[in-house]
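Student: If you read the sequences in order, they're chains A and B.
Here this note's numbering is used: the first residue of the first sequence is 10, the next is one more, and so on.
Here this note's numbering is used: the first residue of the second sequence is 10, the next is one more, and so on.
Don't read these hints as lab results, they were simulated from the structure.
Be aware that one or more of the hints could be misleading.
Copies of the same chain look alike in the list, so a pair counts if it fits in one copy or across any two.
Derived DMTMM-like pairs (lysine to aspartate or glutamate); straight-line CA-CA distance at most 25 Å [said to hold, decoys possible]:
(1) K368 x E42
(2) K168 x D261
(3) K168 x E363
(4) K508 x D209
(5) K95 x D41
(6) K95 x D52
(7) K368 x D77
(8) K368 x D449
(9) K34 x E62
(10) K352 x E42
(11) K172 x E82
(12) K34 x D474
(13) K425 x E324
There are 2 protein chains.
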Amino acid sequence: MPKRDLTSEVQRGLGPREGKVSEKKNYHMSMDEFRHYGRSVVDWIADYYEKIESFPVLSRVEPGQIRDLLPSEPPINGDSFESILKDVDDIIVQGLTHWQSPNFFAYFPANSSGPAILGELLAAGLGVQGMLWSTSPACTELETHVLDWLVDMLGLPEKFTSKTAGGGVIQDSASSAALCALLAARERATNHDTNAHGCDGRLVAYASSQTHSSIEKAVKIAGLGARNLRIIDVDDTFAMSSDALARQITEDRQAGRLPCFVCATAGTTSSNALDPLPEIGRICREEGIWLHVDGAMSGTAALCPEYRYIHDGMELADSYCFNPHKWMFTNFDCDCFYVADRKVLIQTLSILPEYLRNKATDQGAVFDYRDWHVPLGRRFRALKLWFVLRYYGVNGLQHHIRRHVELAQRFAGWVKRSEDFELMAPAPLNLICFRHKNGDSFNQNLLDTLNQSGTLFLTHTILNDKFVLRICIGQTNTGERHVLQAWKTIVETAEGLTKTGST
Amino acid sequence: MPKRDLTSEVQRGLGPREGKVSEKKNYHMSMDEFRHYGRSVVDWIADYYEKIESFPVLSRVEPGQIRDLLPSEPPINGDSFESILKDVDDIIVQGLTHWQSPNFFAYFPANSSGPAILGELLAAGLGVQGMLWSTSPACTELETHVLDWLVDMLGLPEKFTSKTAGGGVIQDSASSAALCALLAARERATNHDTNAHGCDGRLVAYASSQTHSSIEKAVKIAGLGARNLRIIDVDDTFAMSSDALARQITEDRQAGRLPCFVCATAGTTSSNALDPLPEIGRICREEGIWLHVDGAMSGTAALCPEYRYIHDGMELADSYCFNPHKWMFTNFDCDCFYVADRKVLIQTLSILPEYLRNKATDQGAVFDYRDWHVPLGRRFRALKLWFVLRYYGVNGLQHHIRRHVELAQRFAGWVKRSEDFELMAPAPLNLICFRHKNGDSFNQNLLDTLNQSGTLFLTHTILNDKFVLRICIGQTNTGERHVLQAWKTIVETAEGLTKTGST
């Protein structure tokens, strides 16, 4: 094949838009430039954290406002790194909702930390793929190792470690973990026939009315159909009724259905309810149903022995996940997903084309994590988790989790002692569900007013058909000052709305 | 609720293992420390790239070797950042396969660049969630915007832009994109009944024998079953036979099945074969079947007008993906996934629990990207892609893609002119499939010897039942010197093996 004549191609109109191949030999950022701009970005981030409380927590932009500031045409010629970083300030920052602000109390925390950010930086710099053990052995082995550590640190059952028939893997999110758990459950229940022949319409899964929406999504994706997800009633603490679960399973069996999967939650998203794992686990064992436990945010609390009760009954679970990217100072994405029987999971998700075959895999001596989740490629996410565990140590992590729970409990105490506000759900850990006694529209108005103020960001839920405010305390830098100020702002804003006759 | 007495709890044995809550008030890395250690990591990465050619490309560790160097117990007390970074050098680096080495020619490139790494760093520092528009509007809008830019830059059909009924989203990988495409196809074919009631066993999907393994994985996950994936024959260029596809569809219709999904490939993983999109697209249109086109690596070539022919027929596709994290200097993960009809995709994957409701979503004025893929949470991945597009510009990207193709074509020329080696597949772009004429075991031996040498890393495939070597040229810093040296090493190693009588 002759050497291509690019100059001639450009002359024939095949070249870049500007009409000429640039004379520049290399458009890459040199390592000297990388050292320089790397420092700029590190400093930018430090500056950002130092002034983060000066931004409105919830972005105030309108739909389309950011896009209007961006050129409609892609850049033909490269820009300087300085100009790009300037546009971050001038265009992007106003469109951010500041999840790392200590005044962010919405949804769940997605906290981060210095060691995590630098672990992510290093992973990006190394740019290795961990799809197979052989594609970067350290990527797989460090992941297996720190996930084993976490079994120990959280007091989880030994069966979830790689030393047994189980093991852990990092997923991007609890949604993906739940999907993988459901798929493994589906295959175990049908002896891997569904993977071969497809769903046959008999499979049924179970969750409570308070279970995270990702379970409904997973049931749809996996081909079971949303109508085959049974929504089990909850008790007055918003925890799944194990009696109702048992009744529904019996009913389904009698109708010739095949119950395959139950998702129980250790700390629901809506109100932090704790499903009764021992009772649910006993039912699942008796019925041969896969029990997945979702401890996405609250699982981290088990770092502290005094909160480990939230996992009581876990020895009866087939799989479990929690998210260091929520409340353990590890930037998203980092969901730790454990199975008690890794063979079922691997057999469910394994595909081995010729171009991925290698000796280590053929000999069965290693984990190939692409068989543990949906994607093939994978980043070196264990690095940031390792950095966090090493930098904080068990003591450091326990200290901060205890501090967050203590602050949340103080907030709950203020609500209880208030004449205007009431607690709307048990608050075992760091999430408080409360509302003003003035009713739904007042609370919606209060929420909107608070969030528009920019001084804090809360979100809401519906409990017993009532509009309820949620305050979730778990951001890295949230301290006493921020929680005190939040309560003061809430009380004063409610008083202001009451005075102006708002409803 | 009374204020918790943590000191008393510790005294009652509920505290951390060391027996006492540390006196330390704060275990976090301060911003001054972050500035300092951030520079250390930036410099570490620059140093790594400067010496990357001194490492064996393929890691030489044995299974378990890295874990043996890690303490079996998790750290109780935090370590200094210096000691963690030292362990990266002492423990981790030997267990890396150096994907960013210019001598990495295996699998596919997973190239990166300074602007991408710094974009990832900034995204980690900001730590925002882009699950909803409202959770960080800039995260959604920048993503929509740069994906629109890329439609323009690659010369893709206008229907994939957000200005029409379509739009693009960043997925973690082409595997996940294919799954989402299949799910949308499944729902379109069944009028969203499968999401409600589950798979009914009639659905059939189509791919070629050369299509990426992720399609089989997706078909299993989505509940269709692997037996309902029809593997269509390929022609002598390893491209899907559209005649065979048409015949199989007719046969399935006659058997009462419901064909719903075809995956065609613009550049197969195994040999870079180009499926005939115009013919396949015409069949899919006539049959009302969803056509997904996978351009994972090769799609990037369409940045250059002279290679855009690989996408001829794309106007007939329902969805398309390519991976800037393969060959466009953007570190993993960054797959750009486009649909022509976003409503179908959104209706397929949308779940809206109360705690995620907000005005912008209710008004339908915005994209909420969590409805475009499996996970709920999402990082600000658009940032690194924007950094790359801005820093290189169209001209810079075109320059480097052309250079890679030119180097690959020169390599192909050397193979063609060699008496000992032969080309085993057409080589339209940057992947060359070749082998020594001495047969399978010689080539396996040659591959093992080359990879054990540490000076380069190649992988293999099987084509027409023959063991074939693959050399894929697309690493950021791969230049003429590396490709010349690779060919020289391959030739000399083969000569050495021939002389020693190896077969």
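Student: Evaluate each hint against the coordinates.
Tutor: Now for the hints, and whether the structure bears them out:
With identical chains, the CA atoms of K368 and E42 are never at most 25 Å apart, being 40 Å at best within one copy and 44 Å at best between copies. Neither within a single protomer nor between protomers do K168 and D261 lie at most 25 Å apart by alpha-carbon distance, with minima of 30 Å and 46 Å respectively. Within a single copy, K168 and E363 get their C-alpha atoms no closer than 33 Å, and across copies no closer than 36 Å, so neither meets the 25 Å cut-off. For a Cα distance limit of 25 Å, the shortest separation of K508 from D209 qualifies neither inside one copy, at 61 Å, nor across copies, at 60 Å.
In this assembly of identical chains, the alpha carbons of K95 and D41 lie at most 25 Å apart whether taken from the same copy (20 Å) or from different copies (22 Å). Both within a single protomer and between protomers do K95 and D52 lie at most 25 Å apart by alpha-carbon distance, with minima of 13 Å and 23 Å respectively. In this assembly of identical chains, K368 and D77 lie within 25 Å of each other by CA distance solely across copies; the values are 21 Å between and 53 Å within a copy. Proximity of K368 and D449 under a CA criterion of 25 Å is satisfied inter-copy only: 16 Å between copies versus 63 Å inside one chain copy.
In the homo-oligomer, the alpha carbons of K34 and E62 lie at most 25 Å apart only across protomers (21 Å), although the nearest pairing inside one protomer, at 45 Å, exceeds that limit. For the homomeric pair K352 and E42, neither the shortest alpha-carbon distance inside one copy (47 Å) nor that between copies (44 Å) is at most 25 Å. In the homo-oligomer, the alpha carbons of K172 and E82 lie at most 25 Å apart only across protomers (13 Å), although the nearest pairing inside one protomer, at 54 Å, exceeds that limit. Taking the shortest Cα distances, K34 and D474 never come within 25 Å of each other, neither inside one copy (65 Å) nor across copies (41 Å).
Taking identical chains as interchangeable, the C-alpha atoms of K425 and E324 are never at most 25 Å apart, the minima being 36 Å within one chain and 62 Å between chains.
Hint compliance for this structure: hints 1, 2, 3, 4, 10, 12 and 13 are broken, all remaining hints hold.
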